[in-house]
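Below, each chain spelled out in residue letters.
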Amino acid sequence: MSDDDSQLTNNNGGSASGAGSVGNHTTQNSGKGDEEQQQFQFVCKIDNARILHNILSALAYKKDGQMATLSISANGLKFTVEESNSFQGNAFLQQELFQEYHFSSKHEQFKINFSLLLDCLNIYGSGASFVSLQIGYRGYGHPLLLLLEQGGATTHCGLSTLDSEQLNNFNFRGHNIVNKVIMEAPFLKEAFDELDWSSTNATITLSPNDFRLSTAGASGSCQVDYPHDSEVFESFECKSHQTNTYKLALLSPAIKALSIAQKTQMRLNEIGLLSFQHMIENEDKNISFVDFFVAPLEEDMNDNED
Amino acid sequence: MECTLSTGYTKLFAKTVQCLGKIGEDMFIEAHQDRIILRTLNSSRVAFFAFHLHRGFFDHLSLEDNQERKFAIKLKPCQAVFRAYDTIEKCILRLDLIQERFVFELHCKHGVKKLYKLTYEEIQPVSAVYDKDSCPNRLVCVPRKLLEAVSNFHSSVEEITLSTGKTHLRFRSHSEDTTAGRATQLLRTETTLDAADFDEYQVGETDITFCLKEFKALLGFCESAGQPVVVHFDRAGRPALASLTYFNIFEADFVLATLLDPNRRSTPDANSSPSSSPQTSNTSLIKTPHTNTSSMPSRKRASPDSSPTRGPSPTRSSPTRSSPTRSGPSSPSVIITSGSGGDTEGEDEMDYETIPLSPARG
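Protein sequences, first through last, are from chains A and B. With the UniProt record's numbering applied, the first sequence has no gaps in its numbers, which climb one by one up to 306 at the end. With the UniProt record's numbering applied, the second sequence has no gaps in its numbers, which climb one by one up to 362 at the end.
No lab work stands behind these hints: they were computed from the structure. Here a beta-carbon is modelled for each residue, glycine too, at the ideal position from N, C-alpha and C. Hints are supplied without guarantee of correctness; some may be wrong.
[Claimed, not checked] A few chain B residues that face chain A, going by a derived Cβ cut-off under 8 angstroms, partial list only:
1) Leu75
2) Pro77
3) Gly111
4) Lys113
5) Lys114
6) Tyr116
7) Leu118
8) Val140
9) Lys145
With the rest of the complex left out, here is chain A (with noise of 0.2 angstroms):
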């Protein structure tokens, strides 16, 4: 867990999560012998950890404590973040994205404390440059290991894996997509900023004509339009006409990544879940997705034809 500069062999045991896990990985371990000669089931390196702190910090919605779910496949990464089962965030961090990219076994899957890892990949400031990467993961019970270097300087850092719990399938294409509007992210940020905050829901209607956010607080209510023809819209697809109601402390997550995305598109499907996806241009020019589903809340979930 700590991001201090102890070694990565020694950083395995005793850090790792739960009891269960931690039995599990002596056993997977004891045809191996030395915890030091095992291979490693995943390595990665990159060249700019900035990148990877860019993207992530997209998913991040607290100040600490948050924790990820950390998918690894042959394909890349994926980082998912959920809330309270109406709410889920992922960014995918394809391999390409990596300079390097092993992996040996199928999938693989545990949750880590994501604020620290942020911390970790932060630890050179924001201002530094050219802060390369490795990540290294030996399986199922041992820490992630992060190894990050500038200038000759080095900070490895453990963090601890707990076992995953199921995430939340939202099967966003399992109905139909109604509708899909694509904007360029600051016109989007500028309407959500509108809002007023303290309010606890917004509203948000897409339709033929239009695309509306409304909320109503105590010291009034605030609407703003977007007629379909607006040159604001890549596109616009809309088929029917819905009004939902979200919880703003569940939209202002998903929406936290309009300030470094390029574009998103914005979808609900016919039951009112509302997904953003959030494209990112890194500063390699490699483009990354973060994408989020948002519920909405009950009582509109029957009336969204109205």
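Place chain B on chain A using the hints.
For chain B alone, coordinates are given in the frame of chain A:
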């Protein structure tokens, strides 16, 4: 009431709202046939800003049944309305009596339409009666000069003293009196401006002390309006005035209370009750709100069940010029009047002279 801002003046209006927002919590709006007046008073009632927007400021200005309207809205949500003023192409302000909301309708770039409906309160607005011409000291200069001078002060400085002389004037941070139980300031700042820096410099030797934050706010506004600022003042204890005119369609008056006597200032937390002693004549401007409760306008909420009377309240027409007589024989050049009633007097910081009340003029 409904009005449409002239496109060219949207920015000036946005700056007005931002400036008001730096001072007070409520914006008092008075809609007349030929103009709209926006006012605010800060919480300690030592700063009062009023903006007169004449008909030329608007593309369109109309009153329902030619009925003048007086009401107040909260400034905080208003500031949010004009945060992105550079995208606004058309701005309509409307008092919706049916929904009982004050509506900002903004037509912005890219066809975006924004609609803000804010609750309002029907209220007799605060007002000040002042006579600039009775102030013996007068300065005219570009706001930038003064802004540069006061920008030297650290933001923790609450009050500054302006000392004027024949050839130059000096701003210095006002030091706390040690008898007030507070340590003297570690940092003192002093900056001097030459009389030649001013377009007009007609002053005697005077020391006045007033609040810095509000002074900066008004200078910032004047700077963005791009017009020279005229400063009028008398002597310690009398309010200082700044004013700005924008092509006869826009006038702004800023009133800042000044400390009565820097050396005999009471502690900020000593909540001296105005009822304890009648103010002497030299403390003129000064708060004697208790004397005026009889003329206090009633405060009405615009709520559906209270069915507020919107006609002129009996106090509205009471002559404001009568106020000076309440505060003593030497009639002050400025009186800040408040519709909020004498019950707020306890909140006033006693650093400054307060301000007798009278209903809004106009």
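Outcome of the hint check:
For Leu75/B, the interface hint is violated, the least distance from its beta-carbon to any beta-carbon of chain A being 11 angstroms, above 8 angstroms. Interface restraint check: Pro77/B against chain A, minimum CB-CB distance 5 angstroms, threshold 8 angstroms, status holds. Among the interface hints, the one on Gly111/B holds; its C-beta lies about 4 angstroms from the nearest C-beta in chain A, closer than the 8 angstroms criterion. For Lys113/B, the shortest C-beta to C-beta distance to chain A is roughly 4 angstroms, which falls under 8 angstroms, so the interface hint holds.
Annotation: Lys114/B was flagged as interfacial toward chain A, and the flag holds, the nearest CB pair being 5 angstroms apart, inside 8 angstroms. A cut of 8 angstroms between beta carbons decides the hint on Tyr116/B: the least distance to chain A is about 5 angstroms, and the hint holds. Nearest Cβ of chain A to the Cβ of Leu118/B: about 4 angstroms, under the 8 angstroms cut. The hint holds. This hint is violated: Val140/B has a C-beta 39 angstroms from the nearest C-beta of chain A, more than the 8 angstroms allowed.
The interface hint given for Lys145/B is broken, as the beta carbon of that residue sits about 35 angstroms from the closest beta carbon of chain A, more than 8 angstroms.
Hints 1, 8 and 9, counting from the list given before, are not met by this structure.
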